[in-house]
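Given the coordinates of chain E, assemble chain F onto it according to the supplied hints.
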Amino acid sequence: MAMATGTTDSDHNWQMAASAGINTISDTDVHNIVLSYLMHNCFKETAEAFLACTGMNQPVDYLVDMEKRKTILHSALEGNALKAIELAEQLVPNLLTDNKDLHFDLLSLHFIDLIRSQKINEALEFGQTKLTPFGDVHKYVEKLEDFVTLLAYEEPEKSPIFHLLSPEYRENVADNLNRAILAHGNLPGYSSMERLIQQTTVVRHFLHQELGKDGPPPFSLKAFLNN
Amino acid sequence: MGGLDDDEPPAKRLKSSSAELRSLSNSISLVVPIGCSGDTMARPLPSQGKEDMVGSKGVIKRVEFVRIITKALYSLGYERSGAILEEESSIPLYSPVVNLFRKHVLDGNWDESLSALHKIGLVDENLLNSAAFLILEQKFFELLEMDRSVDALSTLRSEITPLGINEKRVRELASCLISPSRCVLLGFSNLGIDASNSRHKLLEALQRFLPPTVMIPERRLENLVEQALYLQKESCVFHNSLDSSLSLYSDHQCGKDQLPSFTTQVLGEHHDEVWFLQFSNLGKYLASSSNDKSAIIWEVHEDGGLSLKHKLVGHQKAVSMVAWSPDDSQLLTCGTEEVVRRWDAQSGQCLHIYEKTGLGLTSCGWFPDGKQLFSGVADRSICIWDLDGKEMDSWKGQRTNITSDVAITEDGSQIIRMYRDNVIVLFNKETEMKKLIEEEQTITSFTLSQDNNHLLVDLLNQEIHLWSIKDDPKLVNRYKGHKRSRYVIRSCFGGIEQAFIASGSEDSQVYIWHRKSGNLVETLPGHSGAVNCISWNPSNPHMLASASDDHTIRIWGLPIKKKAAAAAAADLKLNNGTCSNGVIHLCNGNSK
Chain E
0 MAMATGTTDS
10 DHNWQMAASA
20 GINTISDTDV
30 HNIVLSYLMH
40 NCFKETAEAF
50 LACTGMNQPV
60 DYLVDMEKRK
70 TILHSALEGN
80 ALKAIELAEQ
90 LVPNLLTDNK
100 DLHFDLLSLH
110 FIDLIRSQKI
120 NEALEFGQTK
130 LTPFGDVHKY
140 VEKLEDFVTL
150 LAYEEPEKSP
160 IFHLLSPEYR
170 ENVADNLNRA
180 ILAHGNLPGY
190 SSMERLIQQT
200 TVVRHFLHQE
210 LGKDGPPPFS
220 LKAFLNN
Chain F
0 MGGLDDDEPP
10 AKRLKSSSAE
20 LRSLSNSISL
30 VVPIGCSGDT
40 MARPLPSQGK
50 EDMVGSKGVI
60 KRVEFVRIIT
70 KALYSLGYER
80 SGAILEEESS
90 IPLYSPVVNL
100 FRKHVLDGNW
110 DESLSALHKI
120 GLVDENLLNS
130 AAFLILEQKF
140 FELLEMDRSV
150 DALSTLRSEI
160 TPLGINEKRV
170 RELASCLISP
180 SRCVLLGFSN
190 LGIDASNSRH
200 KLLEALQRFL
210 PPTVMIPERR
220 LENLVEQALY
230 LQKESCVFHN
240 SLDSSLSLYS
250 DHQCGKDQLP
260 SFTTQVLGEH
270 HDEVWFLQFS
280 NLGKYLASSS
290 NDKSAIIWEV
300 HEDGGLSLKH
310 KLVGHQKAVS
320 MVAWSPDDSQ
330 LLTCGTEEVV
340 RRWDAQSGQC
350 LHIYEKTGLG
360 LTSCGWFPDG
370 KQLFSGVADR
380 SICIWDLDGK
390 EMDSWKGQRT
400 NITSDVAITE
410 DGSQIIRMYR
420 DNVIVLFNKE
430 TEMKKLIEEE
440 QTITSFTLSQ
450 DNNHLLVDLL
460 NQEIHLWSIK
470 DDPKLVNRYK
480 GHKRSRYVIR
490 SCFGGIEQAF
500 IASGSEDSQV
510 YIWHRKSGNL
520 VETLPGHSGA
530 VNCISWNPSN
540 PHMLASASDD
550 HTIRIWGLPI
560 KKKAAAAAAA
570 DLKLNNGTCS
580 NGVIHLCNGN
590 SK
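Which chain is which? The protein sequence lines are E and F, in order. Its first residue numbered 0, the first sequence is counted upward by one per residue in numbering that gives the first Met the number 0. Its first residue numbered 0, the second sequence is counted upward by one per residue in numbering that gives the first Met the number 0.
Only chain F is shown next, with the shape it has when bound in the complex:
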C-alpha cells in the first residue's frame, strides 16, 4: 500500500483500528450532508492533499468515483479489496448510519433498522413511509414463515396499517394470514431456505427510496460503462459488426473495412439483363431473375461463395421479380405481364402456375402464413390465391402505372400498397384504419424493414425516403446521390440491425448510406451497366448482391488481403465447378 504517507510504517496502517476508522469516517460524514439536498461533495481530509476532482476534464468528483468503484468491487465479490479500498482512500462506501441500517436489515433486527432508517434523515415523508412499509412487510412474511401468525397479525395491525399507505397491499397481506397459498402468489415463497437472499433483495428494493448519494444504486459503474459503449456504437458510422467486438480498451470505431465493398464473385449465368434478386429469409440462398426469361436459385456456401443450384425455366417473358416463401422452401417468380409460377426451392420443380385469363400479372408475393399469395394484375387490381390456385379475393385497382408493389407486415395485420402515383396506403386489417404516406414525387418502389416499423420508398426524382410507420407515418430520412431516370431501381435495408441502406443506380454503381445519419458512405463501381436491384444477406452483414443490365450479378464482401484472396479464389473455383464465368474479380473498383 503506497502513496499516502511514506513515513508511516506499514504496520501502523495495517492495524488501523476500527475506532480510528470510525473517527475518520465521522469527520467525513459531518461534512457530507446525507439527505435529499442535491449537491453533496465531501472535502477530503487536509492530511491527504489529493485533488477533489479526477480526470482530465475535471468533471469527476473523487469521492463519487472511489465510492462507485468500491461498490463495484463488492458486487463483483471482492470483499477484501473493497474493504481495503475504503480504508486506504478513507472514503467509506456508506456513512456509519447507513452501514448500521444495512446491518440491521440483513440481520433482521427490524425495530433497530426502523430507527436507523429515521436517522438517515429522509426529508420526504412518503418515501420514509414507503421504505418502512417494505421493511415491515419483510418482518411480516418472515413471521408467517415461522408459523407465528399471531405475531404477524399484530405487526400488521399495529405497525403496517397505521403507516396509512398502500391500502391494496394491506389487504393482500391480510389475505396471506388465512391463506398461505396467497403468499406464494404474491411472490414470497421459500423464505425459510433463503432468508438472507431475500433480505439482500429487500436492501436493493429500499435503495429506491433512499437518495443515490446515501445508498449507491446497484451496478452503477457497469451502467456508466454501458452508456459510454452505447454512445460509441451509435456514433460509429461504419458500424457493421457484432457487439461482442466492443472493447473497453479503446474507443470503438469501425473502419470502412466492415462494409462489403469488394467484389468477391461475379455470377454470369444469365444471358440478358438481370432485373431482380433477393436473398432468402435465412440467407442461405439467392434468387435472381432476368430478361432472359429465367430465374436462378443460387446456394450460399459457408465460405461465402455462391454456386448455381437451379435454373428455373418456363416463363415465356422476362421474369420481373421473385419472392421467397416465409419458410424459404418455395419461390414465386413473375413474368412481365404474364403468369406467376411457384417453384420448390430444393428440387427446382415448378409446382403451380397462376394466371388470370386475358390479363397479365405484374408482381407476386406471399402472405406471412405462407398459405396464400398475392399478385398484381395488369388491370391494376391485386389478386389473392391459395396455394392450389383458388382465387380467394381481389382488391380493386389503384391508379398507378409504375409499380404494383405490395408489402404485408409479419403479423399479417397491415397491408401496404400503392394508392396513387405518389401515395402509399397502409391498411390495418384489424382496425380497418388507413394511414397514408404522401410524397411529392412519383413512387417507383418500396420495401419494408425487418422490424416492420419502417418503409423505404424509392422516388422518381432520385431520392430514397425512409418513413417510420409505427404510429402516424413520419418522414425520417432522405438518401441521395444515386442516379435514376428511366428504370425502376430498387433499394434495400441491410447490415447489422439494418443500419445501412443500399441502392442500385443507373450509373452502374452500388450506393451505400448510413441509415441514421443519411451520409453516403460508399459508392462501389464494378458493373458495366445500370444496377437494377440490390439485396443484402439477412444473416450475413458482410454480404451484398447486385443485379445489373450487364447480365451479371456481383457479390460484394469484405476486403481481403491479396494472398489470402488468391487462396480463397482457388477454393471458390473448386467448390463452384461450372458456376461463374471463371474469373474472380477482386477489384477495388477500377476494372470492368
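With the rest of the complex left out, here is chain E:
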C-alpha cells in the first residue's frame, strides 16, 4: 500500500491509503456483517426484512432460536431474572451448571430486583438459600459480600456498591448470557461488526505505539462516526 505523504492530517493519510484497498470488499460480505449484527441482537423482524431485500439465504433454524433467545434476554433485562434462568435452561440444558459465573450473575440479578422493589426480607432469604452456597468457592466470596452489603443500606444507591444497581451491570450480564447461548450453538460470541471494530482498535493502538505521532491516533468509534 502506498504511503500518502505531504498532508498534515495523518488520519486522513491513512484513510486515503485504506480506501485504496477498499475495492476488494464485496457486497455479500457487507450484507453478512449487517445480518450477523441483527441476529446477534435478536432483531428478528428487521433480519427477516433485510433477508427479503437482499435476497440472501437464511441460515437454518435461526429464526426459532432467535425468538427464544430474545425472550430470555428481555426477561433478564426487565427484572425477571428467574424466568430468564428457567427459559435458558430449557433452551440449552446444563447451560448454567456449566457456567457457574453466569448462574451466579443471573441469581444476583434477581437479588437486585428484590432489593429494588423493597422486598428486603425476601431478598435476605433468597440470599441465604441461593447465593450462600456460592460462598464456598473462594472466587465468589468478594462478589457475594458486595451483594449482601446492598442489604445493609436503606438507600442502596448511596452505598459504595451502587454500581451493582446500574443498567450497565444488567446489560453486561445479559450480554454474557447471550454469548453463552450462542457459544453453545457454535455461533460466534461477538457479531462480526463488533469484531471488526475490536480489530481496528487494536491495530490502531499498536501503530500508535510504534509510530507515535507519525502514526494514526487510537481508534475512537465516536470520533469515527462524527467524522
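Quick caveat, the hints were computed from the structure, so don't treat them as lab data. Note that the structure is predicted; figures quoted are calculated from it, not measured. Note that CB positions come from ideal geometry on N, CA and C, so glycine has one too. Wrong hints could be hidden among the right ones.
Claimed, not checked - Short derived list, chain E residues pointing at chain F, Cβ under 7 Å:
(1) G126
(2) Q127
(3) A179
Structure of chain F alone, referenced to chain E:
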C-alpha cells in the same frame, strides 16, 4: 466504720437508703462536669471536712484516689468492699448516668443504653458514633445468635448503617447475615454460652470512647503501681536480681551485694598465661585457652563451683581463642596463626582439624545454624568451612592488623567484621546493605549483645564504646577507667538483662560498669597479672570468670558470710577433687 461523724449511731449509717445515697451522689455530680473538658475535681461535701488532696506532696486528688481504689476493689472481686467504700467515702465510682448506662449495657437494654450514652454528654460526635456502633454491633450479633436474622438485618439497616461510619465493618456485618461462619471468623463465637462475659467485654471496649474521668480505665491502680516499680528498677544501679524480688513494701534498691565481686574460686590448671575464656551458651561449662598450648573445658556445678572436665591438648602453638557451638555440644579452638580444631565437648575428643596450607589461622567462630564455621586467616581473609572441612567460601581480606573478630547475628542475617583499623562493617546478607561503625581510634576487639541489637567495641585508647546497631549505628555509651596499652583486652556484657559491662585490664583488675549510666561500679583486684579476658555466665547473673597472665582463672560470685564460706569451701574441695590449686581465696581484694 469510724471516722466520719461519731455522734451518728452506726445503725443509721448502715441503713443509709439508696435515695439518700442518690441525693448525695447527685449533689456531687452537679459539681463534677462529666465531659471531655480536661480538669475535673469534685469538691467534697462541707459536712465531711476532709482535704481535697492526699499525700505529702499534695499532688494526689482525693476523689481520684478513692475512685481508683474502689475500681481496684471491684476488679479484684471484692464487691462488698467496693460498695462500702463508695458509701463511706460518699464518692461514687460512677455518676448515676454512667451507672445507668452500664446497667443497661449489661442487661442488654440496647435502646435505653443508647439514650443513656447520649446523656453522658460526649462532645466529640465521632466518639459518640463509634460508641453507639459498638453497642449496636453487640445487639446485632446477639440477635443473630438467637436466629433472629430478620431483626438483625433491620438493626443493621436502620440503626447501624445510618451512623455513617466504618463502612468496612458494615460490609463484614452484612456478610454475617448470610454466612454464619463469618461470625466465627470475626471473633464473635459462643455468644449464647457467655453473653454476660461478652457484654462485660463490650463495656471495656466502650471505655475507650469515654473520657477517663467518666469511666475509669481498667486496672488503673495496677498500672500506676507497675510504673512506680519500673522506675525504681531503672534507677537501681546495681540491679542484678530477678524481678520477683521487687516488693511494694519498700523502694527497690540493690546493694552492691548483688554483683559478683568476691573471688569464689581460683583455677590454676593452666601452666602459662590464660588468654581467653568463654562460658557456654547455657552457662553449664566454661572453656579457657592458654599460652600453654592447651584449652580446658570446665564444668559448672549446681553449687557454683567449677571442676576440670577435659584438657584439650594437641595444638602446637598457644591457643588464642575458643568458640562454643550454638548448641554447646562442640568447641572450636584456634592456635595462634596455626590450625583450628573442633572438639566434642562431652568426650573431649578432637573431631576435626581445619587448616590452610601455608597460612596460619587467627580466629574461629560458628554460623548460627551450627553447620558451618569460619576462621580468620593470616592473609587477612576469612575462610568458611562446613563441618567436614570442605571450604565453602572465602571473604576477602580487610586491612586491619590487630583483630580478625567476626560476629554473626543469631538469625544469620548480619555479618559483622572489621573493615579498617577503626571501622567495623555490618553486612546484611539479605538486603546486601552495608552499615559502618566508624571510630576515631583503632579497634582491638568487639562483642555482640545477646539481643543482637548492640555491639561492644574495645578501643586502643582504653575506652569501650557501646553502639546500637538495630537501625543506623549510633554510639550509645562509653566506658572508661581500665588500663590497656599493649595487649588485646576483651570486654563483655553480663548480668540480668545484660545490664552490666565487664572488662579485664592491664592493671590486673576486673572492671564492671553499669551499662545504662556508664558509671564504673566495681573494680575487683585479685589477679597478679593483666586480666586478658572476661566472661559473664549467661544463665547465672552472679557468676563472672576472668583470665589472667598470672596463669590463673578467677571465678567471681556474690559475697558470702565467712562461716558459710568455710562450709562452702569444704563442699567445693570435696566436689572438685584435683581441680584447683587447693586454695580458696575469699578475698575482698587485698590478697594476691
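A quick look at each hint next to the structure:
{"no.": "1", "hint": "G126", "result": "holds, 5 Å"}
{"no.": "2", "hint": "Q127", "result": "holds, 5 Å"}
{"no.": "3", "hint": "A179", "result": "violated, 26 Å"}
When each numbered hint is compared with the structure, a violation occurs for hint 3 only.
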